[in-house]
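Undergrad: Take the given structure of chain A and dock chain B to it, following the hints.
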Amino acid sequence: MHELGIANSLIEIVLENANANGAKVVRSVTAKIGRLAAVDSEALKFAYDAIKEEYPMIAESVLVIDNVPVTGKCNKCGATDTYDEMFFACSKCGSYEVELITGEELTVSEIEVD
Amino acid sequence: MKTVNIQEKILTKNEMKAAELREKLKGVAVLNFVSSPGSGKTSLLEKVLVMLKDKYKIAVVEGDQQTTHDADRIKATGVEAFQVNTGNACHLEAIDVERALGSLGYDLDLLIIENVGNLVCPAEYDLGEDAKVVLLSVTEGDDKPAKYPVMTRAGSAYIINKIDLLPYVDFSVDKCIEYAKGIQPELEFFTTSCRTGEGLDKVADYIEKMTKAKKG
Chain A
1 MHELGIANSL IEIVLENANA NGAKVVRSVT AKIGRLAAVD SEALKFAYDA IKEEYPMIAE
61 SVLVIDNVPV TGKCNKCGAT DTYDEMFFAC SKCGSYEVEL ITGEELTVSE IEVD
Chain B
1 MKTVNIQEKI LTKNEMKAAE LREKLKGVAV LNFVSSPGSG KTSLLEKVLV MLKDKYKIAV
61 VEGDQQTTHD ADRIKATGVE AFQVNTGNAC HLEAIDVERA LGSLGYDLDL LIIENVGNLV
121 CPAEYDLGED AKVVLLSVTE GDDKPAKYPV MTRAGSAYII NKIDLLPYVD FSVDKCIEYA
181 KGIQPELEFF TTSCRTGEGL DKVADYIEKM TKAKKG
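Going down the list, the sequences are from chains A and B. For the first sequence, this note's numbering gives the first residue as 1, with consecutive numbering after it. For the second sequence, this note's numbering gives the first residue as 1, with consecutive numbering after it.
If we strip away everything but chain B, and leave its shape as in the complex, we get:
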């Protein structure tokens, strides 16, 4: 019997594909939106991308187990979208994004990936993004950042959505932010409501800043 020392990262295949995408998308800002199902990712994108679509070439990759509902909603706003149905998979992989780009093309300023609604598995899969944007709605509980620490840790921005519902739920924005900061101190925080429009301009600014930075 002999021991063979390996020390190789297990997700190599996905990571290599993600690195390849990163190379091909050098001047493109790539944001990977993640949340639980129903936190409002699509609603937020519908509202925010409209603010940016006349200035930048934008495309959205929509990930869901089934249906083209989300891609249809994005397309209805005049932004290009491609639906990936993952079937039984609970997350998007870099190869799914590559497939979507085969149809959307690489000539973009901004690529938004709306991942499958799931706060566990998508944390582990690099899609070639510059940042993971985590969404949480106030009906989900202010300790959610602590319950899903891996995703919180992987995030660059944290959006607390549906704040128009704050009067009706026991959700402390401060507590939520405190939990999240204890896991990832570099997070940028946003509070938004797609109903009232509050805070959406700040999210648009954040996305625009990243887009400009990547364009150089």
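The shape of chain A in the complex, shown without the other chains:
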């Protein structure tokens, strides 16, 4: 439900960086979205495509989503895990003292411009 607001913020960042780099047109935008970021990729793409029409510089651009899995490291035994389930217990020793390494990203990583 909040993807529209996120698409707006994302576009703001894209335009700012495109202008700062003297770009005429943006071809693609890559955003990193962690599984824990509470953002639906399809809804974000839909929102992006709906808004981009208003800005000639990005009207033809494609939003590429880089989905980031949840990974973490156990503070007890040091084992690293990728969590398919949203339950962060160490698969080696069962401890809950797990530090997340990735999965919380919500970032514009790069844009391709001409």
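Hints are computed from structural coordinates only; laboratory data are not their basis. For every residue, glycine included, the Cβ atom is placed at its ideal position computed from N, Cα and C. Careful: at least some of the hints might be erroneous.
Said to hold, decoys possible - Per label pair, the in silico range of CB-to-CB distance:
1) B:A213 <-> A:S41: 38 to 44 Å
2) B:A204 <-> A:R27: 38 to 44 Å
3) A:P56 <-> B:G141: 46 to 52 Å
What the hints assert, rightly or not - With a Cα cut of at most 20 Å, we get these calculated SDA-like pairs of lysine to any residue:
4) A:K76 <-> B:E178
5) B:K13 <-> A:L4
6) B:K2 <-> A:E110
7) B:K181 <-> A:Y96
8) A:K92 <-> B:E178
9) A:K24 <-> B:N5
10) B:K181 <-> A:L100
11) B:K181 <-> A:T82
12) B:K2 <-> A:L4
13) A:K73 <-> A:L100
What the hints assert, rightly or not - Sample of chain A residues at the chain B side, in silico, Cβ under 7 Å:
14) H2
15) L36
16) E110
17) D114
TA: Positioned in the frame of chain A, the structure of chain B alone reads:
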């Protein structure tokens, strides 16, 4: 064609506003209450804030799509409240809190934000709070922490409310806590009933502890 490396967080604007609020609210404990609609956030606040209102300067920001019902209920207890109607938005943003503070003022000991009833979007929006307090009522199912892991992960405290209804529902408090701990091991847990008053003093203690810590 050239590639421009950016690596910028998308919510920057809201996060900057939240950081600004945090700076202005340095000595104020700020708690962001989140839950599904109808878990009992307002009822709990009505009861708990009364226990604290004579000792501390408290204000409440109420977020709802429409109506001033919740702010009216809080004001009726003698605590200052400001209603934000979000219209079509499903969460409060830092700018809403700033607007509310424009009316409530910053000279406070404790600011309570009652977010829009929603366990998804509010997880993503920093309001300048010190802690997110998640509420869940026992009629909602004991696996709710696992169903909404992002919010569970973002929480500092977890309140299991309406425990007077436990005899009538298939809800295991232990199972619920286990699910939540697997997602956020640092959560503090409370079990409460606004009907019988059970556990509310513990929530008040938790809030008081945070208020004192921030006051310094």
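Undergrad: Determine for every hint whether it applies to the structure shown.
TA: Now for the hints, and whether the structure bears them out:
1. Take B:A213 and A:S41: their Cβ atoms lie about 39 Å apart, and the range 38 to 44 Å holds.
2. The beta-carbon spacing between B:A204 and A:R27, approximately 57 Å, falls outside the hinted interval of 38 to 44 Å.
3. Between A:P56 and B:G141 the CB atoms are about 49 Å apart, so this pair conforms to the stated range of 46 to 52 Å.
4. As the CA atoms of A:K76 and B:E178 are separated by approximately 19 Å, the hinted pair is consistent with the 20 Å bound.
5. A C-alpha spacing of about 14 Å is found between B:K13 and A:L4, which places the hinted pair at or below 20 Å, so the restraint holds.
6. Taken as a hint, the B:K2 and A:E110 pair is honoured in the structure, with Cα atoms around 10 Å apart against an allowance of 20 Å.
7. Proposed proximity of B:K181 and A:Y96 is supported: the alpha carbons are some 7 Å apart, at most 20 Å.
8. Taking the CA atoms of A:K92 and B:E178, the gap is about 18 Å. The hint holds against a cut of 20 Å.
9. The hinted pair formed by A:K24 and B:N5 meets the criterion: a straight-line CA distance of about 17 Å does not exceed 20 Å.
10. Restraint check: the Cα-Cα separation between B:K181 and A:L100 comes to about 14 Å, which is no more than 20 Å; the hinted pair holds.
11. For the given pair, B:K181 sits about 18 Å from A:T82 by alpha-carbon distance, which is consistent with the 20 Å threshold.
12. A threshold of 20 Å between alpha carbons decides the hint, and for B:K2 with A:L4 the separation of about 28 Å lies outside it, so the pair is violated.
13. Taking the CA atoms of A:K73 and A:L100, the gap is near 6 Å; set against the 20 Å cutoff, the hint holds.
14. Residue-level restraint check for A:H2 holds (minimum Cβ-Cβ distance to chain B is 4 Å; threshold 7 Å).
15. Against a cut-off of 7 Å between C-beta atoms, the interface hint on A:L36 holds, since the closest Cβ of chain B lies about 5 Å away.
16. Of the supplied interface hints, the one on A:E110 holds, with its beta-carbon coming within about 5 Å of a beta-carbon of chain B, less than 7 Å.
17. At a threshold of 7 Å, the smallest CB-CB gap from A:D114 to chain B is about 5 Å, leaving the interface hint in force.
In this structure, the earlier hints numbered 2, 12 are contradicted, and the remaining ones agree with it.
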